[in-house]
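Novice: Protein sequences appear in the order of chains B and W.
Position in the first sequence (first residue = 1) + 16 = our numbering.
Position in the second sequence (first residue = 1) + 16 = our numbering.
Treat the hints as calculated values from the structure; they're not laboratory data.
From a predicted model like this one, the values you see are computed outputs, not experimental measurements.
Treat the hints with care, since some could be wrong.
If several chains are the same, the list does not tell them apart, and a pair holds so long as it fits within one copy or across any two.
[What the hints assert, rightly or not] When the alpha-carbon atoms are kept at most 27 Å apart in a straight line, the in silico DSSO-like pairs for lysine-lysine are as follows:
#: 1; residue 1: Lys94; residue 2: Lys68
#: 2; residue 1: Lys114; residue 2: Lys50
#: 3; residue 1: Lys114; residue 2: Lys68
#: 4; residue 1: Lys102; residue 2: Lys68
Number of protein chains: 2
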Amino acid sequence: MREFDPHFAHTVFFWFKNPDNQEDRAAFEKSLQKFLDNSAYAKTSFIGRPPKASRDVVDGSFTYSLIVTFESAEAQQKYQDEAPHKVFIEESSHLWAKVIVYDSMGVQ
Amino acid sequence: MREFDPHFAHTVFFWFKNPDNQEDRAAFEKSLQKFLDNSAYAKTSFIGRPPKASRDVVDGSFTYSLIVTFESAEAQQKYQDEAPHKVFIEESSHLWAKVIVYDSMGVQ
Numbered sequence: 017m018r019e020f021d022p023h024f025a026h027t028v029f030f031w032f033k034n035p036d037n038q039e040d041r042a043a044f045e046k047s048l049q050k051f052l053d054n055s056a057y058a059k060t061s062f063i064g065r066p067p068k069a070s071r072d073v074v075d076g077s078f079t080y081s082l083i084v085t086f087e088s089a090e091a092q093q094k095y096q097d098e099a100p101h102k103v104f105i106e107e108s109s110h111l112w113a114k115v116i117v118y119d120s121m122g123v124q
Numbered sequence: 017m018r019e020f021d022p023h024f025a026h027t028v029f030f031w032f033k034n035p036d037n038q039e040d041r042a043a044f045e046k047s048l049q050k051f052l053d054n055s056a057y058a059k060t061s062f063i064g065r066p067p068k069a070s071r072d073v074v075d076g077s078f079t080y081s082l083i084v085t086f087e088s089a090e091a092q093q094k095y096q097d098e099a100p101h102k103v104f105i106e107e108s109s110h111l112w113a114k115v116i117v118y119d120s121m122g123v124q
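Excised from the complex, chain B in its bound form (with noise of 0.2 Å):
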């Protein structure tokens, strides 16, 4: 859980529809953290959410985020690929309105 690889890091910002439906809320917490729970790929995985009180510079509209990190990126096709990704999909994108998914490779 805490193992950070600089390899490949792949963030995902999610807005609700309803974001302040518990009900909606605790269903997406419990499918999001049954998949990286059930992923073979995912090393780091964070599940986040905006601090109530946030900077001017910062963009704290979103309702969840999300932090997994790979060995390689080929590690998160496959993580793309798995049985337990496309179960947190169908269970959970009726939830939200907009995703922004940023990948990155470590530079170093």
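Assemble the complex: chain B is given as a structure, and chain W must be docked to it using the hints.
Specialist: This is chain W only, laid out in the frame that chain B set:
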């Protein structure tokens, strides 16, 4: 470097004015690495760049990414105010046209 603290993740994406300028890139990497090496508060310190080939749903338009974790929101605030951070901003802020910052607290 590899320790990921799930309490607070600070994620920054930088879009350069001249993303193909190798001198700008080298100066930025050196300046940012110096800051992170001298920070008393940053835990994980990951500097990334987009993979060459990206999937359609991924925003690969940024020049550099930064992922830094902290033991608390208070530690992140102290990092904002550190002298090495101010030096980094002074040295490097002319290089970027746009920055997006997302802060996240771990849900668990």
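Novice: When the hints from earlier in the document are held up against this structure, which numbers fail?
Specialist: Violated: none.
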